[in-house]
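Going down the list, the sequences are from chains H and R.
Oh and the first sequence: position 65 is 65 in this note's numbering, straight run, nothing missing.
Count along the second sequence from 1, then add 443; that gives the number in this note's numbering.
It is worth saying that the hints were derived from the structure and are not from the lab.
For glycine and all other residues, C-beta sits at the position ideal for the given N, C-alpha and C.
Hints should not be assumed to be uniformly reliable.
Unchecked claim - A short, non-exhaustive set of chain H residues, derived as facing chain R with CB atoms under 10 Å:
#1 N87
#2 P150
#3 A172
#4 V199
#5 D200
#6 Y229
#7 R278
#8 A319
Here's the letter readout for the chains.
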Amino acid sequence: MRKFSKYLFLLLAVVSFSACDDYLDVKPKDRVIPTTGEDFRDLLSSAYHAIPDDKAKLTFRTDEVKLNESRYDLSNVKDIYMWNDANPADNTITYTYDIFYKVIMYANHVIAEGDGATEATQEEIDQILGEAYLLRAYIHFNLVNMFGKPYQKASAATDRGIPLSLEIDSEAEYIPNTVAEVYEQIQSDITDGLSKLKVDTYATGLNYRFSKVAALAFQSRVYLYMAEYAKAQESALEALKLKSDLQDLVADNSKAPHMYDAVESILAMDDNVNDDLRSATYISEEMKAAFDQTNDLRFALYFEADGEEFAINKGVELASKCTFRTAELYLIVAECKARLDELDDAKDYLNQLKAKRLTADFYTTEETRINALNKADLIAEIAKERFRELAFEGHRWFDLRRTTQKEIVHTYKGETATLIKNDPRYTLRFPQEAIDNNPNLRD
Amino acid sequence: MRRMLTLLLILLPAFVWAQEMKLIKGKVLSESDGDVLIGASVYIDKATIGAETGMKGIIENISLGTITDFDGNFSLEVPKQLNTISCSFLGFETQVVDIKGKSFVTIKLGESTSELGEVIVTGYQKIEKRKVTSAVVKVNADNIRQAGVANVDQMLSGQLAGVTSVVQSGAPGAPAKIRIRGTASLNGTQDPLWVLDGIPLEGNDVPDFNDKDNIDQLYNSSIAGLNPQDIQDITVLKDAAATAIYGARAANGVIVITSKKGKAGKMRVQLTSNTSFISKPDFDKLNLMNSNEKVDLELLMAGRKDLTYNASKGGVAQILNANNDWDNFQAGGIDAISAESLAAINQLRTIDPNLEDELYQNAVNQDHSLSISGGSENATYYFSAGAHTEKGTTKGTSLNRYNVTLKTDFKLTDNLSFGVSMFANQRRNQSFLTEGSMLTNPSQYIRSSNPYLRLRDENGNYVYNQNEKGSWRIVNLDYNILEEREGTSHVLKGNNLNSIFNVNWKVHPNLTYRSQFGYQVDKSNTTKEAEQETYFVRRTRYKSGYGNIVDNEYENYFLPEGGIIKNWDAESTYYNWKNILQYSKTFNELHEVDVMVGSEIRESKFTQVATSAYGWNSKNNTSKPVIYRDEEDAKSFPLFTKTYRKNRYASFFGTASYTFNRKYTFFGSVRFDGSDLFGVDSKYRYLPLYALSGSWNAKEESFFRDVNWLSALKFRSSFGLQGNIDKQSSPYIVGTPTTVTNLPGNSENGITVMGLPNDKLRWEKTSTYNVGFDLSVLRHAVRMSFDYYHRKGTDLIGSQAVPLENGFNSMSVNWAEMTNKGWELSISTRNIKTDDFEWNTNFNIAHNENKVLKEQQQINSTTPSREGYSANSVWVIKTAGLDENGYPQFEKDGNIVSADEYFSLYDQMADYYPNYLAGSKLTNEELNDLLVNVGSRDPKYSGGIINTFKYKNIDLTVSANFNLGMNVMERPPYSMTQYDKSNNASRVLLDVLRGNNKSLPNLMTNASADGQYWMQQQLYTNMRPDFYNSLDIWHKEVNYLRISSIRLGYTLGKDMLQDLGLSSVRLSFEARNPFVISNGYDGYFDPESFGNIYAQPQQKSYTIGVNLTF
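Let's have the full structure, built from the sequences with the hints guiding it.
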């Protein structure tokens, strides 16, 4: 019997690591399944962080810049600048279509699962969900303005937009939705988000997150792009109730108004200038001409002289992030009012902004000039003010699309390219990799 | 069992002892080195006494036989009329000895090469070869060892049927890519599992060196730390029945290394020393243009107005542009340009930077090894020390390795033994920094650098190259490859310790308990260092620039001026603990039963700390502070990072084997593999794997027993099931914690999602059938082994492209069903054997056919479905010659048509922008269907031939390996639409432009021939760039035979040795890779790397060596 027990012991020693499941329960440091409210917040932080800097790439296509021909090799941006979308050089930088959808995927996961988050108050959960809805809407909005036709009320129901991504489903088929469908979804996401958001305004440093004021500013921009001027104005005014400060350059010309810690920052989420843009370009002749270089206080803040030319001085560092700021709201209200024939109010909003941007004497001259403008000229003047105020903040390409779609001429080392009025290239082709992975995107 | 033996003892002697007896004494020695053999069996063969008794060669310590004592002596009482006795010993050929009229015999046993009676070590068990039921092959290390080769993996090439080994590059210490029976898995590693003395070695997955991102990697595999001189033999487990016991990790086969151990007997000291001379690569093979030819090419190109792609690049264009002669040249040719231009161009023709000698060298390698071994009855020891120093043929690269191995085995009591092994090594791998740009890699540089670019000027100063892609984006950063080599260093130091502890306890005569604990520590330190004046530093610092750029310089940099040093300290520790209980018993002398059960746990830990310092001054070891603007800057140039990983595994396994009457053996094994899967459905925690097999030892049958010409015949058959699950996939969203900074001063936690949730993934299952036979005839003069296998993988897991709208571009899915069918044949023949002369041949050949049965096509696939074809299919676009302008034409419905028609090209925006955007009316699938399958990239047949000749004291071994019927696509020597003059190219391009080569396509732009090819230009450049690379012009079928080694040895005669006090002296000369017989691999170094422009050539070397034994 003793012998028998010896064998039994051996057998046990060999076969049973009875605590085997415990042995295998290694909690990895590098992996986590999001469950708590904090986890979902962390997911959102990463989603905000991932937003690509494609607005800087679009800027090459606008009339804001010209290429700096003294640079050694600009072959990676030249074909974007020359709108050569059909046959670009193989090292041409590409639009980050996939990353936009990755941000949407994060938002979709938060929207789908965030409700069940543990270790969080309902208020925290609602705020997280609200931000996710707005993030999803914002990315869809950017995408449709890059790869979809410009919004035209008459044809939006048939114009090709972009595929909407509303849930994580690897087996789903992604067929481009119409422009109207995309805008409807954007609006409904904004409404859903607004109903959940709890934070009116975020403190500096956290103002990369959607707050109520940011959501309203976004809503206003969406309506503006849809030419729903009354609604756009309404949202803008609603937002201005929560935040209406303007950075006063006349009093203090040390901080540019687009900085994340300027008093007028509403949402600082996008990088609008990247290294490629900043080092490959000078500001265009149009941009130079749009400013009174001495009396417009923005000029010295926005640009930096380099010989005869001017380089963009809106930085590429984190502090320069900017998505919405009150100045844009003033300009939206002004434009809407002008288009709705409320010319005096329109001029008032425009002048409120100008007063903070121009030297006192020059402002007086300008005020007189503005007050004399008729409707058409006023609308043009507001557009020009957008061109100046919001230079290199990723607005120009979208503004041109929604308004004049004017002709632009670019030259590079003797070569000339023309983007004609209403050129179909105001809408980007889907990136080749996206078409390869989703044949529904073919032209 | 004991009762059985008693019975045997009583009965058999009774039969034998009825006769008159005599005493025979003798001594047993090893034929090769004259050592006494302790424990050899000397016995009366049952055949000689005509009784059906026990097992051949197995002596149960009864008086029918005996074993030799500590001095190799034996004495045995035998029947007086008996004429022969037999003598056998593990690892040696059994010998029948004539004792007629003798009372003392000296028996010299020859070492067995591979035969019955031998023992196969699987790492878990030792199985007598007669009981082996699966496809395993064993090779003695002495037979494959090549002088001057650092790593054992490089030696396997062509040696074993079904095992291929391709050295990845000629760089010192480069690993070899080993594949057993082709490619098994499509997901994850395809490398076999290496096992040293029963303990799996960790860290041996070989990266793909054909990828340009990996060409510069210094690589530290644990197998590379092993001194080949310490290896006794290598066993390769090929089929599922053999590998199932290793679990899921063994899906690609297992290579079991048994290291040398001490033998009881007198002390043996062995000294081996090799010196190798390695010749630098032969660049003529690349057929590159020299300066004169390149200038001719550029002039021809400048003369063609249509060639507008990067027209201003290249030395000639620069001269013409600088002197405003470009238009003059295009209008009037060489006579129309200015004298300065002409002189400058002619000056270019005369430059010869002599790149080969600047970048490459002949090198000398040294390899020395000393071993001391011996022991007593109760303890044996083996000690060895080795030093290997290797200089690379690429200047600035080297490898040093030092090894110490210590192995002792103790017999504590009669039934308890204990063993300890320690393998320690230190390696130092030195190179220079070539990352940052593919042009900085020497083998790439020499191919692409323009031949008229000097490296140094008359005063010896570096000449920087304005015309190469060493530059970084919009500014030109000076680059010179020599400056880079002088100013940077890349050193990998590895310290590895592998210790193995064994306990063997014979609890009962039939029951053994074994415990084995292996502990492996790999410490490595990588240092990259660059002086301030290097491209590496300029480029790194440039990336930290901000503000405006003036004169190629940013206004501000957050990295300080000075050099850079980066350091990675990594430590990996692994332990593996096995406990095994084994029961063996023979019933009624007919039924042999072996049962083994066991468990195994293992853990691996990896810690790496990376640090960087900027503003580095290597003279006084100081650095400067980095002034970051914000957290994002800090993240892009981190000063400190730490990585930590831990994984655990637990497994249970068992095997059972039953042999009936020495003829029929059945074997089964099962294993459950568990691991610490996170976020994976718990039903996948334990993987069951099993195998069943059987063999029939036909020679033991009565009808074959007296067939004298047949020495052995055995049939084998096996089935095994292996499984795998993708550990990266989870039905949930799984993320990695990280830190993000969205706005300055506010770092927060973030979670990065790793992949799409995947709840539809099923097990990947692979079932393998194997049948084979082993045949040996004419007293083992011809030995043959044949195996046929059929491996079928179902629900294979692969990465599948998904629409980018998912947020990811791919995910794992069960995408395919695939089979691998093939056979392997190895034949060894003893062609001639006389007293003075011996000639042996080993031949092996293998054929593998891979077929995809079912495939879920990738949505972004650029080929038709592979169903019914090999997974490694080669697809081509069939051309029908070139048209009058030198561009490809095609055949459609019997007519010769242009690309426009063949690919249905049309002008997409004809109304709006004519000649702007080309498109094809065919869908992607229809375009794919224009590709034709021409066969597989895998060779139809591969194998090796090894001939060994021995004449008196001289021996000669010639080893060759071959691959037949390999389809390859050459990488086009130039791009038809985007050839860049900043790079050199093959001479064929010059021939094409001169009109001397009418079979290769002419250069093209959208302006060629008045723009009539503009749509084709877009087709080949943007729409389907793969079509140009797939033109059948580039397709080749390559066959080759590589002489991998010719070795000549001379062993000194015994009489001379006695005077020297040595027991053996051997001198050798070996030539490695002396030549290749092939049907052509023009423009590339080796047929192995045909088409791969990043490959370094395989080295040719000549080694002289001496081996002394005291």
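Going through the hints against the structure:
Hint on N87/H holds. Least Cβ distance to chain R is approximately 5 Å, under the 10 Å limit. The criterion of a C-beta within 10 Å of any C-beta in chain R is not met by P150/H, whose closest approach is roughly 17 Å, and the hint is violated. A least Cβ separation of about 8 Å between A172/H and chain R falls short of the 10 Å threshold, and the interface hint therefore holds. The criterion of a C-beta within 10 Å of any C-beta in chain R is not met by V199/H, whose closest approach is roughly 15 Å, and the hint is violated.
Hint on D200/H is violated. Least Cβ distance to chain R is approximately 18 Å, over the 10 Å limit. Look at Y229/H: its Cβ only gets to about 31 Å from chain R, farther than 10 Å, so that hint breaks. With its C-beta approaching chain R no nearer than about 8 Å, R278/H sits inside the 10 Å limit, and its interface hint holds. Restraint check, A319/H versus chain R: the minimum CB separation of about 5 Å is within 10 Å; hint holds.
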